[in-house]
Every structure is written in structure tokens, then in C-alpha cells.
Amino acid sequence: MSMVPDITGTDPGLENPLTGAGLVAKKIQGRSPWRLAYERLRQDRAAKIAFATIVVIVLLAIFAPVFATITGHGPNQQFITIGENANGGPVPPSGTFWFGTDSNGRDLFVRILYGARISLTVGVLATAISIALGVLFGLVAGYIGGWVDSLIARLVDVMLSIPFLVLAIALAYRVGPSLWVVIFIVGVLSFTYPARIVRGQVISIKGKEYIEAARALGSGPWRIMFIDLLPNVMAQVIVYGTLLIPLAIVAEATLSYLGVGIPPPTSDWGAMISDASGYFQYGYWWYLLFPSVALLITTLAFNILGDSVRDAFDPRGGGLFV
Amino acid sequence: MTSETSALPGTAPAEAGDVLLQVDNLVKYFPVGTSRPFQKRDYVHAVDGVSLTVRRGQTFGVVGETGCGKSTLARCIARLYDITSGRITFDGRDISQISQRRMRPLRREIQMIFQDPIGSLNPRRRVGSIIGDPYAIHDLASGAERKRLVQELMERVGLNPEHYNRFPAEFSGGQRQRIGVARALAFQPKLIICDEPVSALDVSIQAQVINLLADLQAEFGLTYIFIAHDLSVVRYVSTSVAVMYLGKITEIAPADELFTRPRHPYTGALLSAVPIPDPDLSDRREQIILVGDVPSPIAPPSGCRFHPRCPKAVPVCVAEDPPLEPRLGDGPEHLAACHRPMEAGENLAEFRPAIDEAERIVEADGSLLPDEALPGVTGAVGGQEGRTS
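Protein chains in written order, with my numbering: chain X, 24 to 345; chain A, 3 to 391.
Among these hints, one or two may not hold up.
As the list claims (entries may be wrong) - The calculated label-pair distances, taken between Cβ atoms and stated as ranges, are:
1) A:A171 / X:V78: 28 to 34 Å
2) X:R68 / A:G145: 43 to 49 Å
3) A:V318 / X:G230: 38 to 44 Å
As the list claims (entries may be wrong) - Computed footprint of chain A on chain X; a stretch qualifies when at least three of its residues, placed anywhere within it, have a C-beta under 8 Å from a C-beta of chain A:
4) 224–236
5) 240–248
6) 251–264
Simulated from the structure, these hints should not be mistaken for laboratory data. Every residue, glycine too, gets a C-beta built ideally from N, C-alpha and C.
Using the sequences and the hints given, assemble the complete structure.
Structure, rendered in C-alpha cells:
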């Protein structure tokens, strides 16, 4: 991490061993910060593992129906005879039910795969909403400044001062729980941090001569914000977005845990953990363990990747605690 | 610079060239700090009553120290700043108060070249898109047509058109300034304001960029306002020169006249600071070292703003602001704002100011401003006794 990687990645100079001219001809290319970050990420083993994990989770989520076919168990299918024990409780992991069953005799493994779809959907879409709003408000507040900035700053302050869960529960209860309501609530309520980050960046950039140059050419404020300023804050936005995904996943799980998230019977990790917590004390460990581990691995992978992305974009070349 | 000393092709005095830009009594104040109720707000008097006339085809030089307001003047003329008061007439139109929206079509006629070759190009955009911006913003050309125009421009300013897809960071300082020139040239504007276009460049590169600007002026009939603090550059390119000090024009004259017969002591002091390549000549010349720093533009000195540092200062300089007018029988093109203009061949070093000590800046490092002057400190300009901190 701390080392600046090889200049071009592949060395064209080695391709011409006879003349040696390749070494001279090899140019030091100007590298964009994106390129640098990519090179750094490629060197980062933790990032690679985290990324591979995320790819696996995404593939599992996409191919969840395939596993449903293989096991022959649908996500909401109840197996009252084989999926429940004599007392009507869950049965432990076996060849038939890989991760055991839940309290309703449904296949936990298949449900976790389907739950990944919900988690990833919410994570990505809520983050997209949050980033889109944050970028818009941040750009406007930072570039226009003045009373517009004060207004947005106050709005952000107010939103930050209201506890997220209280507001989210109130909204979800009022509107009625559904996947889209959860995405909307998590996305809208978390725009404040990207907005602050973008605003700060914009304020530091807007005094640059190239912004004056754009104005001298006749660019309007929207063009300046999105063509001239946005590319310069994109790195921070990407970094923050990657870190926001796990937060959104956890927020969704929390809402579902509290019963105001994804309505049953749709399989959802938070709801599963919530159900399982009532059974844990009776020895049904798998019921709680597998959804929790799924949630843990997913958020951990996104968090590690997010940290690595942030380090990769750090102009000081990384270090552990930047 | 270069060995050629002949006047630039485009800078031959445009006889009876009609007026392209007329600035009358332009004032620009910037508020300082945050406003508090019941408290008078301080203002930086960045440009404080500047009037000038720029004729078509001319190169109008503006010189002055850092912070004298020359860049603010440029940005006011380009209407990047709203002006506090005064009047700017461009090509017969009053643009002093028009809105940014109504200004937009006019931007095709007034362009700027900026000082910082790094800061004036967006680091995250490719050169082709930067130079193509003028066409994109005003919807003049798109797609392949835009690319062709941009590559023509790149070729015209001496860049390799194949570098269309590169980022600014992949160019040298001089090349980057050429990109800035190409961008300003895209509209074929009537007026280009060059805000210290070469001061961030190596001397050899300066010459190339200046020659490029001169060639373009000849080819497209451009008018320049050329801002610099390097007097030799300004002398080389300009037809007329205005000298600015603390937001005001102190002297304005045809270039040769200003450099051979300066009237304002400030101009004289500036000229004496220009390095002369010949060491013998340089030794014989008397340099006038100005004492102290430029006073704060928040509360500029009364009367002539130069009086605290002027070796010829007399009480009237403190009391009265001298008007900008022809002095000592100069022609109408040579104006100076000075009560005691310099005669030809006069040696400024022989003069001692004849004004009250409290009106002067006595410390060489400027730490002792007039209102803080200790009662015990007298005489010796820049003397050690005065060093209190």
C-alpha cells in the first residue's frame, strides 16, 4: 500500500529485448488519479479478497432460483412434515436442508440467498439515492453559496439531529412497510454526509481559475456544477458510496428486525435474525447463526473494500489510519 | 527575451483605431470578514476609480505590484465580478450592470487567458473537451465538427492535435498555456484579457508564448489587455501602458514614452528596478529602493496613495488626491496622477520626503505602519532603532 506501484503496470520496455530501445522509448505516462487508485487497489490483497467475496455474494443472489431448483425448495415454501420437528420447531442442517429450516419449516439456505437479493438491492439503490441527493445538494450549496447554502446547511443540521431510527420507524409505520419505502427512507435519510463532503470539496475548488475560465466562456451554473466541478469530487463520492452500501444494508436489516422493513413472507436477513432471536435460547442455533453470518460477511466485505478504495484515492499513498 | 527588438506586427499603433473598450471611474470593493449588525463593514478597495480607453488592435499593458488590483480590474472588465460602481463600455455597449445571463452572448467577444497554467485547466477533463468547451457552451459545433475545430486550434497554437485525448497534467507549463490560448481563441473574440499570461513560465517559454500571442494578434486582429508585473515584458508587447498602485492608475502613457520619460515617481522607482543585462550600465544606474510595503487597501492612505513611500512627497500629496492628467506639457495620451511629476533625467534618489513623519512608512520591513509609529523613532529610514519586535 505504501509503495507507489510500477509506472505503467505492464512494462513495454521488456517487449523489445534485442535493441533495448524499448527501455528508452518507454514513456512515463501521466496517470489520472483514477488510474493510480486502480493500480493501488490491484496491489491491495484485502481489497481483492473483499471484492471477490462481493462478487460471490452477487452471483449467489442472482442465481438464487437455480439453488431453489437444485434443492427443490422455494424460498417461501413450507415443509410442515420434513421441515419441522415434533414440536413444530426448526430442524437442524442436513443433506436436505443445508442450513436447516426456520420456525415455519422453510429452507434457511434458500431464504438466505433470496435475502441477499433484498440486502444488495437496498444497499445499492439506497446508496444511489443518497449519493444523488448528496451530490445535488452539496454542489448547489457549495457553488451557489449565500442563503441557499445556509438553507441547505440548516436542513442537513436538522436531519442530523433527528435520530435516524426514530424517524425511519415513524415514516415506515406511517407509509406502510415495503421494499421501496425502505429504500427511499434509507436513501433520503443518509444524504446528509455525502452532501457535506461534496459541499466542502466544491468550496475548496470553486475559487480555482478553471472555474473562472468556465464562467468567462459563458458556462451557466448548472454546467459548471456538473461538467467542471462534479468530476473533481467524484473520487470522494465513490469512496463514500462504497462505505455507504454496508450502512444501508445494516439499516435495512435493522428496520426489518424491528418489523417496519420488508414485510413477510419475503425473505430478509434482518427479519430472519429477528425471528431467530426468539428461538435461540431453545438451542436452534443455526436459525440465528446463518443469517447473521451472511449479514456480517456482506457488510464486512463492503467495508473492507470501501476502506481500500479510500486508501487508494488518498494522495499521500495510503497508510493504515488515513 | 529574444534578440528581435522590432515592434510586434500587431502592436503597431493603430492610428485612429476606434475605441473598443472604455472604462470610466470603475470601482470594485470587496467586503472583509463577516457582516455584524451595528458595525461598519470594512472593504478592500481593490479597484478605486479606474478610467482607461483601449483602442481596437491595441495591446494595452497594465503593470503594478502584487495586490494593486490589476487582476481585479481584469475580472471586472470580463464581468466575472459585479462592479461596485463605474461604467464599462465595450464595443459601444454599456456592460457595467448587465446580468450574467445577458452577458453570455458577449462572452464570445471578451475572453481571458489566465496566469496559472495549472490552475486554469480542469485537471479531470481532457484537453479536447477543455478547448471544445466554447463550442459546447454556445452550441456552435458538436461531434466530429467540434473535434475538427479543436484540432485546428491546437495546431494553430503549436500543440500536437493528436494529443486531443490527453489530460492537462500530461503537458508542460508552456503547452498548458497554449491550451489556455486556444480556448480563448475559439470564439475569435474581439478582446482578450491576458492576466499575467507568462509570469508563471520560464523565460524562454515566456518568449514563445508572447510571440504566439503577437502572431495571433496579427492574424485575427485581436485587441489585448496585457496584465503583468514584469516591466520588460510589458514594454515589449504593449502599445500603451497603465501603471497601477493600490487600486488606482498612477500613470498611463504610450509604452515608449512611459519607459523613457516616466512622470510619476512610482513609475520611476519601478523602472529603476528593472534588471539591466549590462553590468557596467547596471552599476552606474541609481536604484531607488522603495521603503516599506504597500499600505493596506482596506484603509488606503489619504491624498495620493503613494505618498507614504514617495521620496518627493510634500504636504499637498497628503491632502489632495492628484487627478490623472497630462503633466509638464505632455501630450493628451500621457497622463500622470502626481503633484510633483518627474522631470526628464531627474534622479529620485536625491529627494527626501517633506511630509510629517507620521504620514510615512519608516520601517523597511513594513512592520511599523504610520499609525503605530513609536514617538521615539525618528529619522533613519529603515533604521535599526525602529525594530521593536
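Within the assertion that chain A covers the region 224–236 of chain X, do at least three residues meet a Cβ-to-Cβ distance smaller than 8 Å? holds (count 5)
Three or more residues of the region 251–264 of chain X near chain A by CB distance under 8 Å? holds (count 4)
Consistency of beta-carbon spacing, G145 (chain A) to R68 (chain X), with hint 43 to 49 Å: This hint holds: roughly 44 Å between Cβ atoms.
Starting from the hint 28 to 34 Å, judge whether the C-beta atoms of A171 (chain A) and V78 (chain X) obey it. 33 Å, holds
Mind checking, does the region 240–248 of chain X have 3 or more residues with a CB under 8 Å from chain A? With 5 residues in contact (Cβ-Cβ under 8 Å with chain A), the coverage given for the region 240–248 of chain X holds.
State, for the Cβ atoms of V318 (chain A) and G230 (chain X), whether the hinted interval 38 to 44 Å holds or is violated. Cβ of V318 (chain A) to Cβ of G230 (chain X): about 41 Å, so the range 38 to 44 Å holds.
Hint compliance for this structure: every hint is met.
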